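J.: Once you've looked at the hints, dock chain B against the given chain A.
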Amino acid sequence: MKLKQIAFALAACGLALGFGSAQAQKLSGDKIVVGFITDMSSLYSDIDGPGGVEAIRMAIADMEKQFPGKKIELVYADHQNKADIASSKVREWIDQSGADVIIGGTNSATALATAKVAAEKKRPYIAIGAATSRLTNEDCTPYTVHYAYDTVALANGTGSAVVKSGGKSWFFLTADYAFGHSLEKDTSDVVKASGGTVVGAVRVPLNASDFSSFLLQAQNSKAQILGLANAGGDTINAIKAANEFGVTKTMKLAGLLMFINDIHSLGLKTTEGMYLTDGWYWDLNADTRAWGQRFFTKMKRMPSMLQAADFSAVNHYLAAVKAVGSDDPDAVMAQMKKTPINDMFAKGGKILPNGRMVHDMYLMQVKSPAESKTPWDYFKVAQTIPGDVAFAPQGGTKCTLK
Amino acid sequence: MTELFGIPIPAFLSQLLLGLVNGSFYAILSLGLAVIFGLLNVINFNHGALYMMGAIFAWMGLTYFNINYWVMLIVAPVLVGIFGMITERLLLRHLYKLDHLYGLLLTFGLTLLIEGFFRSFYGVSGLPYQVPEALSGATNLGFMTLPNYRAWVVLASLVVCMGTWFVIERTKLGALLRAGTENAKLTEAFGVNVPLMVTLTYGFGTALAGFAGVLAAPILQVQPLMGSNLIIVVFAVVVIGGMGSILGSIVTGLGLGVIEGLTRVFYPEASATVVFLLMVVVLLLRPAGLFGKEK
Numbered sequence: 001m002k003l004k005q006i007a008f009a010l011a012a013c014g015l016a017l018g019f020g021s022a023q024a025q026k027l028s029g030d031k032i033v034v035g036f037i038t039d040m041s042s043l044y045s046d047i048d049g050p051g052g053v054e055a056i057r058m059a060i061a062d063m064e065k066q067f068p069g070k071k072i073e074l075v076y077a078d079h080q081n082k083a084d085i086a087s088s089k090v091r092e093w094i095d096q097s098g099a100d101v102i103i104g105g106t107n108s109a110t111a112l113a114t115a116k117v118a119a120e121k122k123r124p125y126i127a128i129g130a131a132t133s134r135l136t137n138e139d140c141t142p143y144t145v146h147y148a149y150d151t152v153a154l155a156n157g158t159g160s161a162v163v164k165s166g167g168k169s170w171f172f173l174t175a176d177y178a179f180g181h182s183l184e185k186d187t188s189d190v191v192k193a194s195g196g197t198v199v200g201a202v203r204v205p206l207n208a209s210d211f212s213s214f215l216l217q218a219q220n221s222k223a224q225i226l227g228l229a230n231a232g233g234d235t236i237n238a239i240k241a242a243n244e245f246g247v248t249k250t251m252k253l254a255g256l257l258m259f260i261n262d263i264h265s266l267g268l269k270t271t272e273g274m275y276l277t278d279g280w281y282w283d284l285n286a287d288t289r290a291w292g293q294r295f296f297t298k299m300k301r302m303p304s305m306l307q308a309a310d311f312s313a314v315n316h317y318l319a320a321v322k323a324v325g326s327d328d329p330d331a332v333m334a335q336m337k338k339t340p341i342n343d344m345f346a347k348g349g350k351i352l353p354n355g356r357m358v359h360d361m362y363l364m365q366v367k368s369p370a371e372s373k374t375p376w377d378y379f380k381v382a383q384t385i386p387g388d389v390a391f392a393p394q395g396g397t398k399c400t401l402k
Numbered sequence: 001m002t003e004l005f006g007i008p009i010p011a012f013l014s015q016l017l018l019g020l021v022n023g024s025f026y027a028i029l030s031l032g033l034a035v036i037f038g039l040l041n042v043i044n045f046n047h048g049a050l051y052m053m054g055a056i057f058a059w060m061g062l063t064y065f066n067i068n069y070w071v072m073l074i075v076a077p078v079l080v081g082i083f084g085m086i087t088e089r090l091l092l093r094h095l096y097k098l099d100h101l102y103g104l105l106l107t108f109g110l111t112l113l114i115e116g117f118f119r120s121f122y123g124v125s126g127l128p129y130q131v132p133e134a135l136s137g138a139t140n141l142g143f144m145t146l147p148n149y150r151a152w153v154v155l156a157s158l159v160v161c162m163g164t165w166f167v168i169e170r171t172k173l174g175a176l177l178r179a180g181t182e183n184a185k186l187t188e189a190f191g192v193n194v195p196l197m198v199t200l201t202y203g204f205g206t207a208l209a210g211f212a213g214v215l216a217a218p219i220l221q222v223q224p225l226m227g228s229n230l231i232i233v234v235f236a237v238v239v240i241g242g243m244g245s246i247l248g249s250i251v252t253g254l255g256l257g258v259i260e261g262l263t264r265v266f267y268p269e270a271s272a273t274v275v276f277l278l279m280v281v282v283l284l285l286r287p288a289g290l291f292g293k294e295k
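Chains A and B, in that order, give the protein sequences.
Per my numbering, the first sequence starts with residue 1, numbered consecutively.
Per my numbering, the second sequence starts with residue 1, numbered consecutively.
The shape of chain A in the complex, shown without the other chains:
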């Protein structure tokens, strides 16, 4: 470990010398502008939203002393889950406010639109809340970094781990739109590859609110595992009804995209024993606990994976600017890609040429009410999934960036 750190330090020194600019920072507009576009008010605003803004503020506060005499500015906006709002806002920030980097919050559609604008304007774009693996696959760009997680990692995590622990036959409850379909497909691939079977699926319209009919169909399938290929309120309503109808007595639930906030709102009594894949949890180690506590004092709740990643990503970006001594997009991108990420979010994280940030993921099992000792004490790590395994796409990548 020590040796590794020394190696990094040497590498960093070498780089600084290599670039030759003796740390006289050349910043466009003499300041750094961070743009953050996310859902601030609607269904995804608890997992990112205002908490994400606070996390980025914390990162900026930490790094500010490294840029004496310079200002680091944060601009943020609510994209209302509309791709056109996201792209026009980001365009405006880059053209008029001189945004140097864009941090992208939740919603895959907005992320795909923002990535296009950022690439056209040559600005680093760090996507955090969006799940779609298209960002680093067919829609990859030289300026996109996909930081926290994606549908491939969710499928690899929950899918393979659950099959290995004996859940061989699966039935999917799928949100009937692009995100749900790709999550179902990715997970089915992994389940089959690990030796499991998929006995059926029911496609449920978005915001169906009542899931009882669909759950009875799932129950009649006699599958062991009910895979929930949906998110947010749909997942919550499905789990509530699954408990009520006794589905949880005969089937085990696997939430394919769930956040700590979902568990908080359902309560442990309802979710006990469930599996889910997460990229970060506040109670993993001393670093995560310290940061979680710091966030908690500000927001009065524990951070989600996305909020932790917001902090880490801005940190990583600013460190890269510091290292190259300029906010030149290409130089900063190159620096970010060659520097490993070692902070409270990831240990030994690395950004691949296609923009995928690879780091360990965790298969979590939800604790029982008796096991939970403190508020927000919800998960135990069932398995650590090494980054290379978690983010390995089934069937290769369509991205040609080298």
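FYI, nobody ran anything at the bench for these hints, they're computed from the structure.
Any given hint might turn out to be false.
[Claimed, not checked] From chain A, some residues computed to sit far from chain B (all C-beta separations above 10 Å):
1) SER165
2) GLY267
3) LYS338
[What the hints assert, rightly or not] Each pair of labels, with its calculated beta carbon distance range:
4) B/LEU285 to A/LYS222: 37 to 47 Å
5) A/SER165 to B/ILE9: 31 to 41 Å
6) B/VAL159 to A/VAL381: 43 to 53 Å
7) A/SER165 to B/PHE266: 30 to 40 Å
From a predicted model like this one, the values you see are computed outputs, not experimental measurements.
Glycine included, every Cβ here is placed at the ideal spot set by N, Cα and C.
T.: Quick look at chain B alone, frame taken from chain A:
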């Protein structure tokens, strides 16, 4: 096993029953809308927000004051009703002489305000609310296991719906209400305080929304936007049943719940749209709705 349309009879029956449960929610909510529209001529767009308030009040009662579900089933609707009466007195009152559209816009604005208010406090991921102890568990009906709470929902909503229908259509009070809206001046000449009656009616209609909210709290995600998903369907129910028709809204609510439930088995992808499809058909064939009268 015997089959009906390709699915086993027990499965068919259980889906029918589940449809009835959802229909109960549609019935109570559309009943409230029908009462308000029928007697006040207001298209009450904030009905979904009031339903959400009912559910959140139930949660607040339990969380902050340790008041159980049964008490909140009465208290929450009363509070929502009082809130409704205040908005009627302060705001809606001034719009009666104008086009329906103004009432709709005002109540839509109120929806945004109410939802935004609760969202700023509680966020959107939802608040936990358990099924009350006495109704937890399930009964085996032979063809399916029905959670006791769902049975209670059907029972409670039927009683409330039929009670409302009876009061409005079969009692003197109901007759006065209908007379007051038909011809306010003439009714006032008989010594009836029409403005007060209108306020109380609006209060009652909104209380129904609050009641549905409390009923929904244990089985659905309790969160500030829960009403906006439902309200559009409920409006479709009202349109199909005939704007302002009390009995129409009850029967259509239950019926559409059942139809939606069956769609979930035969073609799940269409279950969110089937109600609107029916609305189109009904509007083409009977523009006033199934139970409405042409004016």
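J.: Hints first: check each against the structure and report whether it holds.
T.: Evaluation of the provided hints:
With a minimum CB-CB distance of about 27 Å to chain B, A/SER165 clears the 10 Å threshold, and the non-interface call stands. For A/GLY267, the condition that its CB be more than 10 Å from all CB atoms of chain B is violated, with the nearest at approximately 4 Å. In this structure A/LYS338 is separated from chain B by more than 10 Å, as the shortest Cβ-Cβ distance comes to about 38 Å. A beta carbon spacing of about 43 Å between B/LEU285 and A/LYS222 agrees with the range 37 to 47 Å that was offered as a hint.
As the Cβ distance of A/SER165 to B/ILE9 is approximately 37 Å, the hint placing it in 31 to 41 Å holds. A hinted range of 43 to 53 Å for the beta carbons of B/VAL159 and A/VAL381 is consistent with their spacing of about 50 Å. Look at A/SER165 against B/PHE266: about 35 Å separates their beta carbons, and that is inside 30 to 40 Å.
Checked against the numbered hints given earlier, this structure breaks only hint 2.
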